[in-house]
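**Student:** Residue strings, one per chain:
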Amino acid sequence: MLSTPAGVLLLLAWIHPSYALYFHIGETEKKCFIEEIPDETMVIGKYRTQLWDKQTSSFLPSTPGLGMHVEIKDPDTKIILSRQYGSDGRFTFTSHTPGEHQICLHSNSTKMALFAGGKLRVHLDIQVGEHTNNYPEIAAKDKLTELQLRVRQLLDQVEQIQKEQNYQRYREERFRMTSESTNQRVLWWSIAQTLILIITGIWQMKHLKSFFEAKKLV
Amino acid sequence: MLGLGLSCLLLHVFVVFGTELTFELPDNDKQCFYEELEKDVKFDIDFQVISGGNYDVDCFVTDPQNNVLYNEKKKQYDSFSHTTAMKGVYKVCFSNEFSTFTHKIVYLEFRHGDEDPLLQSMTSSTALTQLESSCVSIHEILKVVADSQTWYRLREAYDRTKAEHLLERVTFWSIGQTVLLFVIGIGQVMLLRSFFTEKKGSVAATT
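Those protein sequences? They're chains A and B, same order as listed.
With the numbering used here applied, the first sequence closes on residue 218, and no number is skipped along the way.
With the numbering used here applied, the second sequence closes on residue 207, and no number is skipped along the way.
Source of the hints: derived by calculation from the structure; they are not laboratory data.
By construction, the Cβ of each residue, glycine as well, lies at the ideal position given by its N, Cα and C atoms.
Do not rely on the hints blindly, as some may be mistaken.
Covered stretches of chain A, going by a simulated chain B footprint (3 or more residues, C-beta under 8 Å) [said to hold, decoys possible]:
#1 48-55
#2 141-149
#3 190-201
Ranges between beta-carbon positions, derived for each pair [stated by the list, open to error]:
#4 185(A) x 40(B): 52 to 62 Å
#5 145(A) x 125(B): 37 to 47 Å
#6 143(A) x 103(B): 14 to 24 Å
#7 196(B) x 197(A): 17 to 27 Å
#8 205(A) x 183(B): 38 to 48 Å
#9 39(B) x 179(A): 44 to 54 Å
#10 81(A) x 171(B): 46 to 56 Å
With these hints in hand, go ahead and build the complete structure from the sequences.
**Tutor:** Here it is in structure tokens:
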């Protein structure tokens, strides 16, 4: 009776979770990703690293002893998370200011030997907003039926859309301020430069006239 | 029951539907992303250059046998769709090698496969009630709305960086031109004076 779920559990524990995209990173290289998000939005990042093994000429499934340093900055370039994780890691944060957050990853390896092949493969998956919700968990915790769970998902989606719309209003205001500032500056500098031109022209003529009169050439 | 609960917990770690990444591409650099896909899987790649230089980037996509599926130079944004013919690792690369000093910020969205069902029990084979199918329709439409919002967010970011760049250039050139005006204005007068002072001196010397 209990063996079937246990069997499923064991099977899943053996199958490696396959995350999305992966890329290669050098030893001292820092890779940064930008997430432009509204406020009070949760972001979950999961990564998995694999190291190039010269002997087998392939990537090892996991690298013990190798960690990644994760640094997250908010739109005011203030560090909100700066932590070391192992070769497989999961980091999470919630934004308190809307804007561009920067997620930077770099390996903490100090031993040159580990990177002899020069390549570290990093699988990365970043989920934002309602994609961070774990619906099976929510269903189990709040004891929701399937229909109730679907409606909950729709509610979360709509909430995220609303947050994004508020953020858009805030962004449009910033954009408008920049445009108006440019407009003002162009106007004032044009007027100022025309005045400077006229004044310089008049001064030049007056100065030269008095100079030539002094030299008795006029 | 415990086992089922535990397995449900583990089941959330699954093949992801899609990834969006916004990354910085330094000048003279190339950045590649790889994805392992099964056969007959439809994938979509969307990319946009949000800031930097002329807002363009080179992009190419190759299949596991290194055949080029898509290759475009200096594009500001584009969309590419393909159904995989074989299983393996597909590569998307962005190149900024044509640029000498501008670094670009590129947004990439890689979608593949179908979306996971909400709960493992909700497979597509079970018949849906009218309420449930309404929920599914609303969910799909909301996804379109969210995608549309992402598109507008990126366009706005692009326009905003352009406007900020313009403001910077206007300020810089205004100050530069004012300084240049003063220098030339005074310089011209000084030069003219120096011509006549010399001549007067040489005329006086010859008489």
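**Student:** Take the hints in turn and mark each one as holding or not.
**Tutor:** For each hint, the structure was consulted:
no.	hint	result
1	48-55	violated (count 0)
2	141-149	holds (count 3)
3	190-201	holds (count 5)
4	185(A) x 40(B): 52 to 62 Å	holds, 57 Å
5	145(A) x 125(B): 37 to 47 Å	violated, 19 Å
6	143(A) x 103(B): 14 to 24 Å	violated, 51 Å
7	196(B) x 197(A): 17 to 27 Å	holds, 24 Å
8	205(A) x 183(B): 38 to 48 Å	violated, 18 Å
9	39(B) x 179(A): 44 to 54 Å	holds, 50 Å
10	81(A) x 171(B): 46 to 56 Å	violated, 35 Å
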